[in-house]
Amino acid sequence: MCLCPPRLKKVRRALFKERDVSITLKQFNAGHLALPLLILAGETALIANLAGVEFDPTQAFGHSAPTNAATLAPETVTVPPRVFEYRPSGVFLVDGRESDAALRQGELAQPLSIMRNQVSEADFAACVSAGACEPADIRWTATDADRPATGVSHDDASDYAEWLTAQTGQIWRLPTDLEWVAAAGTRARDDAIGTQGDASNGSARWLQAYALQSEARAADGPPQPTGHFGANEFGLNDLSGNVWEWTETCFSRTRLSADGETLSVLETCGARVVQGLHRTYISTFIRDAKAGGCAVGAPPTHLGFRLVQEQPQGVVERIEDWLSAANSMLLPGH
Amino acid sequence: MNKQFLIFRRPRLAKVFAAAAITAAFSGAMPGLAQDLSQLERVSVDLVAPPFVHAHEQATSAEPRIVEFELVIEEKKLVIDDYGTTVQAMTFGGSVPGPLMVVHEGDYVELTLINPETNTLLHNIDFHAATGALGGGALTEVAPGEQVVLRFKATRAGVFVYHCAPGGPMIPWHVVSGMNGAIMVLPREGLSDQSGNPVTYDKVYYIGEQDFYIPKDENGDYMEFDSPGEGYADMLDVMLTLTPTHEVFNGAVGALTGDNALTAEVGETVLFVHSQANRDTRPHLIGGHGDLVWETGKFHNVPEVDLETWFIRGGSAGAALYTFLQPGLYAYVNHNLIEAVELGATAHVTVEGEWDDDLMTQVMAPTPIE
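Protein chains in written order, with the numbering used here: chain C, 1 to 334; chain B, 1001 to 1370.
There could be a bad hint or two in this list.
When the alpha-carbon atoms are kept at most 20 Å apart in a straight line, the in silico DMTMM-like pairs for lysine to aspartate or glutamate are as follows [said to hold, decoys possible]:
#1 B:Lys1077 - C:Asp220
#2 B:Lys1216 - B:Asp1202
#3 B:Lys1216 - B:Asp1046
#4 B:Lys1203 - B:Glu1342
#5 B:Lys1076 - B:Glu1146
#6 B:Lys1216 - C:Asp137
Just so you know, these hints were derived from the structure itself, not from any lab.
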């Protein structure tokens, strides 16, 4: 796992991509300086620190451009609200020693609408043709088969979600780690290493982790046609096959005292949780997590993704949310 | 492409047969110079595929003997990375690199080289450890369906490359198609440290590093061929860039990682033999060292001590001895890290044992900055 710089470039791109919408915003909210300020700030590190408030005009305006909703909207399945065993993502230190996170009860409170299949090469190619996505790094021979898009980074997946949202007028985004585990059901793999290690010899845990990751390398080989790895109990295909999936959840490190009290939690969004045969953390711009890429370990074979569809809010609420977030970041004295 | 190759190949064949005729004349005169070897002990050794090495003595009290090996040349398609990229490999014994042979200084190496008729090309073998006849290359050229026996005296101690060298542009092509390996000629008294004291190892790992030059088609996909000859012209274009598409250990990206990672225990002494028949490389053991390193690979030179990285010249083999002191995971890499990580030249070593806090300890775990 290695970390990367803030997503400055990406945010700036998002800002300039939707000029027509920007004009609408100015007219709608004449005299308000938030947008021009935001564009200027796009050139500075300030914008990158918008603490999760990525400017997304389509989210602000909802159904502004539902041009291709019927043809592009991916097939989804609905995962019912459920309670399940969940081991939080991230690295946990107990009394300074790396340990497995404690299992807790995870809850999916609302029904989750999630793509039945991983985004396919053809789906992704449409975004590339539209000029909204960079071509994926495909490093194996092309076939006619309908295969999942691979060789894509978190940034690419986000571009795709943004484009699909603009095209369909529906809100699409990557799942969180908890949502992914909820939807994966029996296909979710617990990433407990099991060897808590003794204080004087951390190597047992390293070796055990390496052995577990090496097992997951059984999934080597080119990406398989969509559906090859079968469906889980909710009807989602190809979970934990040889294509790992990006999530929106940031890497985090949690420090706990010996008796379990949380001492600190530090989130680093330059790396995100990637889910599949094993759970790992990869910098947002990486498209191919090669062996030894960031550490000595066995990386995901291929990187791909699927999206969840968020239920829309009212237009007015979303504009208000966005403006208030922008104001609080840019005009702290307000 | 095929036609080009055939036009190219015809005059080559004529030349080879001429060369074979000349060497035959020479070899006819040579037996008179040889010693009477009929009294020497003969041993026959079964070779094993890298990274492992056949059982052998380190120091020996035996008289010099004749050590018989057999290598069957196999032309076969090998997958060389996680993307299913293939090469029409040419191999000694079916593996890239070919197996490591071990003998002692003063022994005679007697190799039977077999080129089955299922192969398509002429092959031979050039031992850098041998003296004369282009390292044996001029005496070992075999067409598909032929076999040959070469004997040479191992007069110099060290690790040495062997490779196919069938003449002209065929030489680099065969070598970068995988046709190379190494032989270790041990001093009869075994290895010695910088002060001349004997040293021994608990195990040997043989790392053969290979540069591959795989052509791409107009879509940027790696091309796949049905025979070595079919890919020759396109591969040559990539070879002439001098920029490999793959730089791997043991024939493929990841061949010495995961389930195939090397293993050791704390306190164990490992001799890493590293060969690269074509291109320079610089091994480095991440988290460890080279306690004793014969960088040029020749054991009668004083080994260097405490090295971080050592240089293996293209066309040579070197040896590094290391005793593992800490448990955990080590990476053995070509420390051109682009070649290690992007092109594949990485092996892993998993080491079990007790952690030594004196050598290293984490004084404070990662903590938010105050």
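Against the structure, the hints come out as follows:
1. B:Lys1077 - C:Asp220: OK: Lys1077 (chain B) and Asp220 (chain C) at ~18 Å, within 20 Å.
2. B:Lys1216 - B:Asp1202: violated (44 Å)
3. B:Lys1216 - B:Asp1046: The hint is violated at about 39 Å.
4. B:Lys1203 - B:Glu1342: violated (29 Å)
5. B:Lys1076 - B:Glu1146: holds (18 Å)
6. B:Lys1216 - C:Asp137: Measuring from Cα to Cα gives roughly 15 Å; hence the hint holds.
In the structure shown, a violation is registered for the earlier hints numbered 2, 3, 4, in ascending order.
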